[in-house]
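Starting from the known structure of chain A, fit chain B onto it as the hints suggest.
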Amino acid sequence: MTISGTIAIAGAYEHPSRFSPDKTEFQIMAECAKGALDEAGLTIGDVDGLFGASMTMGMMGIVDLAEYLNLKPTYLDGTNIGGSSFVAHVSHAAAAISAGMCEIALILYGSTASSNAVAIGTGGRGGTNPSESFVTPYGMTTVGSYALYANRHMATYGTTSEQLAEIAVAMRYHASLNPHAKMRQPITVDDVLSSRVISTPLHLLDCCIISDGGGAVVVTSLERARDLATEPVVLLGSGEAATHQEIGSPDLLTIAAKQSGERAFAMAGVTHDDIDLAMIYDSFTITVLATLENLGFCKPGEGGDFVTDGRIQLGGSLPINPDGGGLSSNHPGMRGIFLVIEAVKQLRGEGGARQVDGAELACVHGTGGTIGDKHSGATLILGVGQ
Amino acid sequence: MSEIEHPLPHASWETRGYWEGAGRGEIVLQRCPDCDLVQHKPRGVCATCLGSHLEHFVASGRGTVYTYTITNQNQAKGFADACPYVMAYVELDEGPRLLTNIVGCDPDAVEIGMAVVADFATQERDDGELFAVPRFTPA
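Residue numbers (numbering that gives the first Met the number 0), protein chains in the order written: chain A, 0 to 385; chain B, 0 to 138.
If we strip away everything but chain A, and leave its shape as in the complex, we get (with noise of 0.2 Å):
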């Protein structure tokens, strides 16, 4: 049994805002949910399964979220495995509907990181429990980890600052074809590399933006979802993985994307020449890099290669993020929904200046925690005109 071309997504819908100052994650989720289910043909009153995280829900945050909604909904999943957590809701979605335990799947999220001056990068990691004791004592942080693992890939392959500058510099040509990114100034690869180093070998503008902002996702069986208002956007592969560094001296170049890449292509039966654009978690311009090559679209070590020459930019042979991505677009500490969205806006031809030509096939991957450390990967494959 597979849910392969099945399922689909129904509606999508990212906040429009960078800067809530004056609203609440749940209030931002819900005018979400109005843009999702609108553009849908549906109503609140429809959705009977409810996916939800955040950087700040907790235990029972998705029952506090079902009673903001006023929801009574027969299926709840608050799985919350990072950034990523979003584009896996869209697959625990997709395994809820066809086991019949609900029929409209509501996925949301919403963040005020930004106006309440959230240090989502630079902030000390960990905490006070036991296990945590191995890293607080050290000085973690979010964009350390990624250096580390940065590092060892130069060690390793190379790689130079400049290779990476130019996934920055792809992104904010991106968002400056849309509207809504928060950085939307054009850079070049000496602003990248002349912006002061948080931490060897990133510097500030190889590091993701904080913004405010949410999303919506609806998700339904494909058969329902063809008497909505919205061209449906088909679920063909799936796949999911748990990475760490803890026994037998792993890989630390190998993330949770080889796994979960593995499978949603399987699943999906395509290959990575079929695919049309990709929506890659950037938390940083190091993740996109090890992403592709863990995704396979390259081999290991020539990620610094492939994303030189216009390859990952509009135009290129693989747009990569043309919303502008985490790095210049919108990035409020989980931006796993994000990439689902503006992927389902790119197959149906809704991204305007920014739209990725005869894009009928999509490859999303979201990372949560960091790759430098323990993390989850979520792979999706989305296409139109099944």
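If you are wondering where the hints come from, they were derived from the structure by calculation, not from laboratory data. There may be inaccurate statements among the hints.
Computed from the model, here is a short list of chain B residues facing chain A with C-beta under 10 Å [to be verified]:
#1 Q38
#2 N73
#3 A79
#4 A120
In silico negatives: residues of chain B with every beta carbon more than 12 Å from chain A [what the hints assert, rightly or not]:
#5 H52
#6 T66
#7 G103
#8 E128
C-beta: ideal position from N, C-alpha, C; glycine also.
Then chain B, alone, in the frame of chain A:
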């Protein structure tokens, strides 16, 4: 720039062997006699076979830098005034990798593959107890 003030580690019964070893100036690891796995972080079961006959042993304290980063910005207490400092994974001669700091040298002198040896920072806790955090210095 000042020295890192390492936040206090908290031990459970699973991890206290490690922290007590640090207090004696030793890196203490776990070995599973059933499957020979050497593991870190310490836990109550073997991470390969889930056996519960784990033994503690004193490691050499020697290893090499697997990767590192010079951190210029960390707002957390104990680190904000210590930037730039070096955070690293050290691969011990016995196999496991530890997250740690490299101290006792110019941050720019650190490189991947460099031989290092454990060096313990003993600090006094608010209640007067002493605790030790393993870091590494060039061998």
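Requested in this report: For the hint on N73 (chain B), just tell me whether its beta-carbon gets within less than 10 Å of chain A.
Outcome: holds, 5 Å
Query raised in the report: Holds or violated: is there a CB of chain A closer than 10 Å to the CB of A120 (chain B)?
Result: holds, 9 Å
Requested in this report: Quick one: work out the minimum CB distance from E128 (chain B) to chain A and report holds if it exceeds 12 Å, violated otherwise.
Outcome: Its Cβ never comes within 12 Å of chain A, the nearest being 15 Å, so this holds.
Query raised in the report: Would the stated hint for A79 (chain B) survive a check requiring a Cβ distance to chain A of less than 10 Å?
Result: holds, 9 Å
Report task. With 12 Å as the threshold, tell me whether H52 (chain B) passes as away from chain A on beta-carbon distances. Result -> Check passes; 17 Å lies beyond 12 Å.
**Report entry** Cβ separation check - G103 (chain B) to all of chain A, threshold 12 Å
**Finding:** holds, 15 Å
Query raised in the report: Minimum Cβ separation between T66 (chain B) and chain A greater than 12 Å?
Result: The assertion about T66 (chain B) is violated, with a minimum of 4 Å to chain A.
Query raised in the report: Going by Cβ atoms only, is Q38 (chain B) closer than 10 Å to chain A?
Result: Because about 6 Å separates Q38 (chain B) from the closest Cβ in chain A, which is inside the 10 Å limit, the hint holds.
Hint compliance for this structure: hint 6 is the single one not met.
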